[in-house]
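Now for the letters of each chain:
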Amino acid sequence: LQLVSFTDERRGPSGFLIFAIPKPGKDLSKIRETIMTEIKDIATNGPTAEEMQKLHNQLLNDEVRARQSSLSRAQAIAEFALYDGDPALINSELDQLLKVTPAQIKEAVNKYLNTENRVLLDIVPAGKADKKPTTNGN
Amino acid sequence: LPENQPTPPDGETRSAGDFNMNKAVKLFVSAGLISTLGVGASAQKTMNEDFRKTAPAALAPKSFEIAKPFETTLPNNLKVVIFEDKRLPLVSYRLGFKSGDANDPKDSNGLTSAITALLNEGTKTRTSKQLAEEIERLGASVSASSTDDNTIVSASALSLYSSDVLRLMADVVLNPVFPESELALYKKNTIENIKYQRSQPAFLASEQIARTIYGTHPYGIVSASAADVERITREKLQAFHQKMFTPNNATLIVVGDVNRENILKEIRDAFGGWQKGTVEATKFDTPPVRTATTLTVVDRPGSLQSNIVLANLAIDRSNPDYFPVLVMNQILGAGASSRLFMNLREAKGYTYGAYSRFDTRRLAGNFETNAEVRTPVTGDSLKEFFYELNRVRNERASEKELRDAKSYLTEFSAPRRNAGRFDESARFAATLRFARPIICKRTAIKSTR
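In the order they appear, the protein sequences are chains B and S. According to the working numbering, the first sequence is numbered sequentially starting from 1. According to the working numbering, the second sequence is numbered sequentially starting from 139.
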């Protein structure tokens, strides 16, 4: 199984997407159920202290690594200038991210990741349409 | 352009893009939109100003020096090389072994590769899951890989976690247990991957080339077979790990924001108790001597393209002709302004790309030119390949070609471009340690300028 989630960052309304690519023969409904359970878990309990530590280390690590080459620094500054009108944001983005609290994450998951209000797409090989779930199936 | 793209409130153009496009790509697309829509009329004007008509002259080359490393050897013969580099709060480790896939026992192809894949799938005190969680929690990375000549375990992290990641690295190097369940999963995935590889024309070509050029020398094997993988057992992995992963066969390279004395102490703590082994010099068969041109055809029904590879035995990495060969290859076919590309793609339109390369390894090396061409022009493409090979052999390169090739290799070479990147510096340092003394490389870069 390969699993990724990300926000589709835009100036207007953005989407939050989760992708799962199962290995052949895996039960799709079980994968969906696990994903929904994890979302509900964060919505109810928020992230754990250990998850926050992991998040902070990864944010720091990614940020420092992104500063290694002059090209990626220039690119980041250009993006802040173009999208946000303020190239100096490169100096404060990391602090903003590190300031986020577990309570804020819990609140955001409750607000935006309503599992009843989602679009679900199963993309299956042609001729295997019988594997398609019902629209309300988790 | 999608018609229904919402206009952002401030009226600026913004690409809808694909949802998986990263910011960089979005930026590029947005810039394109501005000029096509005529939004940036002033930008258009700027683009046409006189000063843009000629390329600016190149700046004078800047000197390029690799920081001097500190080198020492532990009592168990583990070589330690430390580059203190405080530019960023990062650390990278490379533990390199001077043995690789070529040293696999004759009846156990793929053993080294399996060891590297399973190294961080469980140790005496940590399960695969615990290792993954600890590494993730630190925002670190620990991995291992092998080539024909070398096996390298890599680890990197914020320098804040220098000790934690060093201890994790030492654990996977010294105490792997190769759990049965992980081995079973590895076998399954690897056999799937081998099946996939065999469906790829480039793999089939490289397999034939290696066999033809290297014969029974281990470089003649490009991949283990499914049967080889089936034969791997936990006992074989343990025994071979015990034999090859010895301190007297290894060099540990540290690059980053570390204090030399502190990190040395930690390295002694982590690796000092590692017992010496005996490194036997493996005897390899000699690659066959070639006296005539031979042709091998791999029939692959249904292919829309021919994958052409012309190859021969060439030089190993320590050959004194290494640098002249590098410059020659830049002229012949290393890049998109080299002769092969300009001829077969730009002038003739036979292919998306035609290249040549020298694969210089420790014990031997080979030369290859290749292109994937439309099937009907297979013969015509061969003609152009032979034309270019004869031309580079028989005629002197022009002064301009020589100058351009040298300036590309010295000013835009990978080590120079990546000098600011820690992982790259560490990798580069590791390559050099195994290839030839650093001082030699430095001199060469200067003298070819």
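No lab work stands behind these hints, which were simulated from the structure alone. None of the values given here were measured: they were computed from a predicted structure. A few of these clues could be false.
[Unchecked claim] Think about it this way: if two alpha-carbon atoms lie no more than 35 Å apart in a straight line, the pair counts; the simulated DSBU-like pairs of lysine-lysine are:
| # | chain 1 | residue 1 | chain 2 | residue 2 |
| --- | --- | --- | --- | --- |
| 1 | S | LYS486 | S | LYS421 |
| 2 | S | LYS403 | B | LYS26 |
| 3 | B | LYS30 | S | LYS333 |
| 4 | S | LYS333 | B | LYS23 |
| 5 | S | LYS403 | S | LYS262 |
| 6 | S | LYS374 | S | LYS333 |
| 7 | S | LYS262 | B | LYS54 |
| 8 | S | LYS224 | S | LYS191 |
| 9 | S | LYS381 | B | LYS26 |
| 10 | B | LYS26 | S | LYS374 |
| 11 | B | LYS40 | S | LYS326 |
[Stated by the list, open to error] Looking from chain S toward chain B, a few residues come up when the C-beta cut is under 7 Å (computed):
| # | residue |
| --- | --- |
| 12 | LEU228 |
| 13 | GLU274 |
| 14 | ARG275 |
| 15 | LEU276 |
| 16 | GLY277 |
| 17 | LEU296 |
| 18 | MET466 |
[Claimed, not checked] Some chain S residues flagged as far from chain B (calculated, every beta-carbon gap over 10 Å):
| # | residue |
| --- | --- |
| 19 | ALA278 |
| 20 | SER363 |
| 21 | GLY415 |
Just so you know, even glycine gets a beta-carbon here, dropped at the ideal spot from N, CA and C.
> Are there hints from earlier that the structure breaks, and if so, what are their numbers?
Replying inline: 1, 2, 8, 9, 18, 19
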